[in-house]
Amino acid sequence: MIHCPSCGAALPVRGLSVPYTTCTHCQSLILRKGQTLEEIGKVAEVPFDISPIRLGTRFTIAGIEYTAAGRVRWGWSGGSWNEWLLAAPGGEGRWLGEAMGLYMLTAQRPDVMTDPLARAFAEGRDPLVGQGLEVDGIAFEVSDVKQAECLGSEGDLPFPTLPGWSMTNVDFRAPGGEALSLQRDAEGTSAWLGTWHELSGLSPRALREIEGWPLPAALQ
Amino acid sequence: MTETQKGTRTLACPACGGTLEVRAAGWSVNLACRYCGSILDVSRPEVQIIERHKRAAGQFSLPLGARGSLFDDDWEVVGAIIRRGPTDRWREYLLFNPYVGYRWLIEWDGEWQFGTPLLGRPEAKGNSVFWRGQRFRQEDDESEAVTGTLVGEFYWRVSKGDSARATSYTSRDLTLSREDTDGEVNWTQLVALSPGHVETAFGIAPPRLSRESRSALYARGEETRKPDDLGRICLLVLASAILALLAMIVISGPVERASGTVTAPFGSTREAQKIGAITVRRGWQFVTVTASGENFDNRWIELDYRLVDRTTGQSIDGYGLSEHYSGSDSDGAWTEGSRSASTLFGQVPRGTYDLYVDAAAHSWPVDAVPDSSNPWSTPEAIEIRIDARTGSLPWGNWWTLVILLSIYPCVLVWRRFRNQNS
Numbered sequence: 001m002i003h004c005p006s007c008g009a010a011l012p013v014r015g016l017s018v019p020y021t022t023c024t025h026c027q028s029l030i031l032r033k034g035q036t037l038e039e040i041g042k043v044a045e046v047p048f049d050i051s052p053i054r055l056g057t058r059f060t061i062a063g064i065e066y067t068a069a070g071r072v073r074w075g076w077s078g079g080s081w082n083e084w085l086l087a088a089p090g091g092e093g094r095w096l097g098e099a100m101g102l103y104m105l106t107a108q109r110p111d112v113m114t115d116p117l118a119r120a121f122a123e124g125r126d127p128l129v130g131q132g133l134e135v136d137g138i139a140f141e142v143s144d145v146k147q148a149e150c151l152g153s154e155g156d157l158p159f160p161t162l163p164g165w166s167m168t169n170v171d172f173r174a175p176g177g178e179a180l181s182l183q184r185d186a187e188g189t190s191a192w193l194g195t196w197h198e199l200s201g202l203s204p205r206a207l208r209e210i211e212g213w214p215l216p217a218a219l220q
Numbered sequence: 001m002t003e004t005q006k007g008t009r010t011l012a013c014p015a016c017g018g019t020l021e022v023r024a025a026g027w028s029v030n031l032a033c034r035y036c037g038s039i040l041d042v043s044r045p046e047v048q049i050i051e052r053h054k055r056a057a058g059q060f061s062l063p064l065g066a067r068g069s070l071f072d073d074d075w076e077v078v079g080a081i082i083r084r085g086p087t088d089r090w091r092e093y094l095l096f097n098p099y100v101g102y103r104w105l106i107e108w109d110g111e112w113q114f115g116t117p118l119l120g121r122p123e124a125k126g127n128s129v130f131w132r133g134q135r136f137r138q139e140d141d142e143s144e145a146v147t148g149t150l151v152g153e154f155y156w157r158v159s160k161g162d163s164a165r166a167t168s169y170t171s172r173d174l175t176l177s178r179e180d181t182d183g184e185v186n187w188t189q190l191v192a193l194s195p196g197h198v199e200t201a202f203g204i205a206p207p208r209l210s211r212e213s214r215s216a217l218y219a220r221g222e223e224t225r226k227p228d229d230l231g232r233i234c235l236l237v238l239a240s241a242i243l244a245l246l247a248m249i250v251i252s253g254p255v256e257r258a259s260g261t262v263t264a265p266f267g268s269t270r271e272a273q274k275i276g277a278i279t280v281r282r283g284w285q286f287v288t289v290t291a292s293g294e295n296f297d298n299r300w301i302e303l304d305y306r307l308v309d310r311t312t313g314q315s316i317d318g319y320g321l322s323e324h325y326s327g328s329d330s331d332g333a334w335t336e337g338s339r340s341a342s343t344l345f346g347q348v349p350r351g352t353y354d355l356y357v358d359a360a361a362h363s364w365p366v367d368a369v370p371d372s373s374n375p376w377s378t379p380e381a382i383e384i385r386i387d388a389r390t391g392s393l394p395w396g397n398w399w400t401l402v403i404l405l406s407i408y409p410c411v412l413v414w415r416r417f418r419n420q421n422s
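Taken in sequence, the protein lines are chains A and B. Quick note on the working numbering: the first sequence kicks off at 1 and runs consecutively. Quick note on the working numbering: the second sequence kicks off at 1 and runs consecutively.
Since the hints were made in silico from the structure, they are not lab data. There could be a bad hint or two in this list.
[What the hints assert, rightly or not] Each pair of labels, with its calculated beta carbon distance range:
id : chain 1 : residue 1 : chain 2 : residue 2 : range
1  : A       : Arg58     : B       : Pro86     : 27 to 33 Å
2  : A       : Val129    : B       : Asp141    : 21 to 27 Å
3  : B       : Trp398    : A       : Ala206    : 50 to 56 Å
4  : A       : Glu65     : B       : Gln48     : 15 to 21 Å
Here the structure is a predicted model, which means the values were calculated and not measured. All residues carry an ideal CB built from backbone N, CA and C; glycine is no exception.
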């Protein structure tokens, strides 16, 4: 059991080896270095939303069990979205983007960063909507480019979500429902490849209970 | 701004002050106020006005917040749009379930389609597209779809006048609709719903029934009609009238009253005479204001009513006229006008209202200011009793319906009468 160095509240252990965690009690962002805990600031509370996912929601994806361990909420001029960090038992992480009731499950693909369009983006030149990029034989097209800022966060995360943190996000779409996104922030640029899903396609359990909404039969 | 246990976010419209619910908090980007029609940005904790409007308009058969079960899932209506094409107009309803996402209901001339956004993108080949191994042929030329009236919340930026290039592709009973808004392409799969499906699911049966009975009346030709049709038609008319009456009673809601007396002076208007407060306890109700005067003749009283919402300060205005004239001519004595006048306010939204009355009296045939120095002149002012009540029934609409429904049976009766005589 570890405790928040700021307020002393117990910090849940979610089985993911990421350096940052946020105290649910006092919103302190805590950096874990081995056995030492250091408070490095306060993070914004995630604004209220209707998301059916909460920290602790479990998923079964391709036979592997994942647990939602952290979340970042991003805002841009056209709205906002959630990115949930899912932890697998071996310490592996996946990101689950949530927007408009749809889910984009991605894993990092460092090899995509060798593509000329991705390299140009890493150097600060944003692509245009409609420009293409090919990964694993799939033709992706840029569907939008967003300037996003962190609106709040919770749980365990691999990076510090302090106020003012922002990034540029490029989303790509492909005919078969595959998803690709490039993200660039002050720390660097990364590529994420995955697929679009409806919630029922992720076999979720321990979803958030929302008053007035019974759990659909497909999710029970 | 508070977050209720229900999972909805409550906020006050920064344009009109009305209380609004965000049902898909965090997913909804824009919200069109159901009271004033202003479009708000609700994607951040601080709400901002994007487009200011004075009044929410538009008639939708599914109200915001209506719930229904379609294809094994519960859906709540969170947004509604009227859209226009080159030759037609239709309504689109955005359905929401936090566990399932978004769906669409498209209402076109009483017919309904259920829409599911596609995760992938069909591939175009000539005039067809291919989706999951199936070929869909282009149905019509690409046309423009323009957004008109909006109400409720939406997961993208909305604006009156938004325009999209729309094309549809069909394969048997499935339609794929492609919409291109400034280069952003969205695909939706549409399935037609059988008549009555949506009405049953969302419990909005009454309008459908009168529609059916009307089409039953008009659709049949003389030659196919059997002799016993007149009786059946009369029964249908009677049933429709009774159903409409029952529906009116059900939707009219609880009754609340406020009464008072106003003074109508001659030659001037006495303004803002407060009668009292009434509260509309449903989403909306009809409100009737009745003015009744006594013992005046050859006078008419002009009454301006204002129902002022206590929360928003917005007012709904109405007009009443109490009048009575008498005289005699070559046909003898006559009287005209009514000292009692009712004014019906339709669709007054939920809230507490103060009723204010401006009243002015006039004399007939000459609207002269009575001479106060002459003790024999008419009194300087007339007292009018004002009664306001919520939960009234729109009798005028009902009688109009009954008369319209009766036209066809009356024509039949007249024809039979004429045939028998000839």
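field: Hints that the structure is at odds with (numbers, increasing)
entry: Structure breaks hints 1 and 4.
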